[in-house]
Structures are given as structure tokens and as C-alpha cells.
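Protein chains: 4
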Amino acid sequence: MENLVKELREFAKERDWEQFHSPKNLAMALVVEAAEIVEHFQWLTQEQSKSLPTDKLEEIKAEIADVMIFLTNLADKLGIDLLEAAKEKIEKNKKNYPAAKVRGKALKYTEYKR
Amino acid sequence: MENLVKELREFAKERDWEQFHSPKNLAMALVVEAAEIVEHFQWLTQEQSKSLPTDKLEEIKAEIADVMIFLTNLADKLGIDLLEAAKEKIEKNKKNYPAAKVRGKALKYTEYKR
Amino acid sequence: MENLVKELREFAKERDWEQFHSPKNLAMALVVEAAEIVEHFQWLTQEQSKSLPTDKLEEIKAEIADVMIFLTNLADKLGIDLLEAAKEKIEKNKKNYPAAKVRGKALKYTEYKR
Amino acid sequence: MENLVKELREFAKERDWEQFHSPKNLAMALVVEAAEIVEHFQWLTQEQSKSLPTDKLEEIKAEIADVMIFLTNLADKLGIDLLEAAKEKIEKNKKNYPAAKVRGKALKYTEYKR
Chain A
0 MENLVKELRE FAKERDWEQF HSPKNLAMAL VVEAAEIVEH FQWLTQEQSK SLPTDKLEEI
60 KAEIADVMIF LTNLADKLGI DLLEAAKEKI EKNKKNYPAA KVRGKALKYT EYKR
Chain B
0 MENLVKELRE FAKERDWEQF HSPKNLAMAL VVEAAEIVEH FQWLTQEQSK SLPTDKLEEI
60 KAEIADVMIF LTNLADKLGI DLLEAAKEKI EKNKKNYPAA KVRGKALKYT EYKR
Chain C
0 MENLVKELRE FAKERDWEQF HSPKNLAMAL VVEAAEIVEH FQWLTQEQSK SLPTDKLEEI
60 KAEIADVMIF LTNLADKLGI DLLEAAKEKI EKNKKNYPAA KVRGKALKYT EYKR
Chain D
0 MENLVKELRE FAKERDWEQF HSPKNLAMAL VVEAAEIVEH FQWLTQEQSK SLPTDKLEEI
60 KAEIADVMIF LTNLADKLGI DLLEAAKEKI EKNKKNYPAA KVRGKALKYT EYKR
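Chains A, B, C and D, in that order, give the protein sequences.
Heads up, the first sequence is in numbering that gives the first Met the number 0, so the first residue is 0 and it goes up one at a time.
Heads up, the second sequence is in numbering that gives the first Met the number 0, so the first residue is 0 and it goes up one at a time.
Heads up, the third sequence is in numbering that gives the first Met the number 0, so the first residue is 0 and it goes up one at a time.
Heads up, the fourth sequence is in numbering that gives the first Met the number 0, so the first residue is 0 and it goes up one at a time.
Hints in this document: simulated from the structure, not taken from any laboratory.
Careful: at least some of the hints might be erroneous.
As the list makes no split between identical chains, a pair holds if one copy fits it or if it spans any two.
Taking lysine to any residue and the SDA-like style, the derived pairs with C-alpha atoms no more than 25 angstroms apart in a straight line are [said to hold, decoys possible]:
hint, residue 1, residue 2
1, Lys100, Asp80
2, Lys104, Ser48
3, Lys94, Glu46
4, Lys100, Ile89
5, Lys88, Glu46
6, Lys86, Arg102
7, Lys94, Gln45
8, Lys76, Ala11
9, Lys86, Thr109
10, Lys107, Gln45
11, Lys91, Thr44
12, Lys86, Glu58
13, Lys60, Glu1
14, Lys86, Glu46
15, Lys86, Asn2
16, Lys94, Ser48
17, Lys94, Leu106
18, Lys88, Ser50
19, Lys93, Ser50
20, Lys88, Glu110
21, Lys91, Gln47
22, Lys5, Tyr96
23, Lys94, Glu9
24, Lys5, Glu110
25, Lys55, Phe10
In isolation and in its complexed conformation, chain A is listed as follows (with noise of 0.2 angstroms):
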């Protein structure tokens, strides 16, 4: 991970593209690549999302290496730890979905309490 964020890092100052990646600018790169990955699954059943024929299914692997690489680089700009942001989320989802409460029940936390 560490390796990630130092070569995203230099891959941006080689092309002098520093200037292109303001949060607000990398933000927007991000919900267009993940845009493409939902490209790739719209018109499909959930039955068929899961068992992708080998071509499609490289395809959304590139999709989702540039999500990656966005969040890294949003990530990196803002000073957030991602893997440390993300282990900080699942405990918060913890105490809001106990796990006895919302057995098999998609809701937002904020609906339970309705």
C-alpha cells in the first residue's frame, strides 16, 4: 500500500500533472471511473454480475484499479491513511449495525430506529 501511494506520487511529477490534482479535480475522477464499473453491470441480472465471462470480467478489473488509484491519490492529497480510515469505518458500523439488530435487513442505520 505504502508502495502504491510512493509510485502515485512519482507517476503525477513525472507529467507534471500535480497541478491537474486538486482534491476537487480527483474527486470527480473517481465517481466517473466508478461510473464505468457500473457501466459494465447495468443491463445485467444480479444471476449474471456473478459469473462474469473472462473478457468482461478483465475489463472491470481495469475499472477498479482506477478507482484505486483515485481513491489513493484523493487520499494521499488529503492526508488520510486508507486502510486506517476504512478499519476506523468498520468499527463505527459495528456499533451502528449490531449485528443481532439488522440480520438480513438492508436498511440505513438511521432507518432501524424508525
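Chains B, C and D: place on chain A using the hints.
Below, chains B, C and D without anything else, positioned relative to chain A:
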């Protein structure tokens, strides 16, 4: 990173949420969380996006964590190693965007060929 | 439709919000609102998405309205007539997706050529 | 507007595409198209986004048309009148964002109350 994957598998299993986690649905959740990051930046100037107040930064950190969580979930469901995929993509990008050619220009590689 | 355009111009002017409404920012707001629609559907089956409870439908209606509002704002800023543009695109789609060839298949037109 | 709704119904019917057009899938297509607009703006400054070259503008016009098409399709499937919904929302916004209070400030209405 492997810890994160394991934690997320357990988290979903304990809540019987695997039934909701088709790749199609996870792709949707991913773009939703990515857009929640964008929401924080939509009315800011690029300069403002570079020096966020602490409370905003905390909120954005939580959204970034959500993207990381769903991205990890999705990659795991598809049997994709997130770090591996990112590294492969960077190698490809180095070829598609040779520093000497693209320095200081933000174009898609297909546009450099025009 | 023209009324909507006029109303939105006035709304922004009265609030001195035109300064925030660059096409770049409006595009961000648009994708954010589109993702808020997606959020309502992310854990639903396709069948469930076809028979929504009334309160969900009301919430989604409000999100759809938000997308329409930002889309109208964006098109207006760029001097684009929304209905005109949609009609032109449908004509193009009729050529790219001839009914006899694509019936019952959901592919991008570039994929039919493969 | 009613013409557009009718045209789109026919377009889908002739291609037997209604089977793909669940609200869930249409919401996905909508966010994908919205993100394609964002892609055009992601590396531009706000000033650049206000004075686009003609060829870029044409490309963006086609993406805006796509958003309008899927938005109309989605609203139609849910029995929502797009213009009506937008007008209702504007009335609500007028109450949530009184001009005297929000002039020149870009906040969510929930934030004005803080």
C-alpha cells in the same frame, strides 16, 4: 489489506448481508459513496478543496472509507487483488502516457494520438 | 419547459448563486443527485424496484426532480435546448441501434460490430 | 415533452428492451451518463468549463441528451411527470432557501440551521 478483506467478509456474514452483495449491487453502492465525496467538493473552488476545515475533512475521510470498503468488497467478490490490479494498471498507464509526451497536459491517451 | 428554464434562472439570481453555477460545478451536482436516486435502488431486486411503497416513491420523485433541475441549469448555461438535444440523440440512436439487429439484446452499438 | 415520453416508449418497445428497463437498471444508466458529462469537466478549471471549444460542446450535448433520455424513461416507469416534479421541488426549495438568508452562500439547507 488482507486483514481488511477478511474483516469485511466476516462483517457481511454475521449480518447475513451476502445475499445483497452481488457485484451489481456493490457497484451501485460504490458509485453512491464516490458521489458523496463529490458532494463535499461541488461548490468549492479548487483552492478551497486544498485547505479544508477539520470537520469537513473528517466527514470526507468517512466517505473515502466507505468507497474503500465497497471497492474491497467488490474486488473480493470478483476474485480481484486490489493492490495487484492497481500496480498492473500503473504499468499500462506508463506506456499509454509516456512522460516526455504528456508532460503538463491532461488528455486521455486516445486523444494524444489524434 | 421554457418556464422551468426561466424559473431556475431567477431562483439562482435572487440568491446570488450564479457564481457557483459554472458548468464544472453543475456537472458535479448533477452526478451527485443521480447517485442519490441510485442509493434508493442499490439493495433492491429488479422486481422490488418496480413496485415501490408510496413513501419511497415520493422520496425518489424528489431526487428525480433534483436531477432535472441541475440538468436544466447545466444545459441552459451551455446554450443547449434539452428537448431538442434529446430528440436529435434519439434519431442517432435509431441509426446506431436498428430494431431488426438489436432486438432483445442490450449491448453498446460498438459491440454489435464485433 | 409528452412527445419525448411517447417516442422513448416506442423506441424501447420496437427493440424489446423493456425487459432491461427496470427502475433499478435505469437508475444505473442515468448515473453512468451523468458521470460521462463529469468526465469532460474533470481536469478543466471553472473558467475553462465556461468557454468550451465547439467540438467539446457537441460531445457534451450528446451526453446531456443521454441523461435526459434515461431520466425521462425512469420518470415514466415510475409514473412521475418530470416537469411537474421539478416545479414542485422548486417551490420547496424556495421555502428551504429563502433568498434573504442564503444570498451568496452555498450550503445545504440543513446547514443553515446549525
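Now the hints, each set against the structure:
no.	hint	verdict
1	Lys100 x Asp80	neither (31 angstroms within a copy, 32 angstroms between copies)
2	Lys104 x Ser48	both (21 angstroms within a copy, 16 angstroms between copies)
3	Lys94 x Glu46	neither (31 angstroms within a copy, 31 angstroms between copies)
4	Lys100 x Ile89	within (17 angstroms within a copy, 38 angstroms between copies)
5	Lys88 x Glu46	neither (29 angstroms within a copy, 28 angstroms between copies)
6	Lys86 x Arg102	within (21 angstroms within a copy, 37 angstroms between copies)
7	Lys94 x Gln45	neither (29 angstroms within a copy, 30 angstroms between copies)
8	Lys76 x Ala11	within (12 angstroms within a copy, 31 angstroms between copies)
9	Lys86 x Thr109	within (21 angstroms within a copy, 29 angstroms between copies)
10	Lys107 x Gln45	both (21 angstroms within a copy, 19 angstroms between copies)
11	Lys91 x Thr44	neither (32 angstroms within a copy, 27 angstroms between copies)
12	Lys86 x Glu58	between (29 angstroms within a copy, 15 angstroms between copies)
13	Lys60 x Glu1	both (21 angstroms within a copy, 18 angstroms between copies)
14	Lys86 x Glu46	neither (30 angstroms within a copy, 30 angstroms between copies)
15	Lys86 x Asn2	both (19 angstroms within a copy, 9 angstroms between copies)
16	Lys94 x Ser48	neither (31 angstroms within a copy, 29 angstroms between copies)
17	Lys94 x Leu106	within (14 angstroms within a copy, 30 angstroms between copies)
18	Lys88 x Ser50	between (30 angstroms within a copy, 23 angstroms between copies)
19	Lys93 x Ser50	neither (30 angstroms within a copy, 31 angstroms between copies)
20	Lys88 x Glu110	both (19 angstroms within a copy, 23 angstroms between copies)
21	Lys91 x Gln47	neither (33 angstroms within a copy, 29 angstroms between copies)
22	Lys5 x Tyr96	between (35 angstroms within a copy, 18 angstroms between copies)
23	Lys94 x Glu9	between (39 angstroms within a copy, 15 angstroms between copies)
24	Lys5 x Glu110	neither (41 angstroms within a copy, 27 angstroms between copies)
25	Lys55 x Phe10	neither (27 angstroms within a copy, 27 angstroms between copies)
Checked against the numbered hints given earlier, the structure breaks hints 1, 3, 5, 7, 11, 14, 16, 19, 21, 24, 25 and satisfies all the rest.
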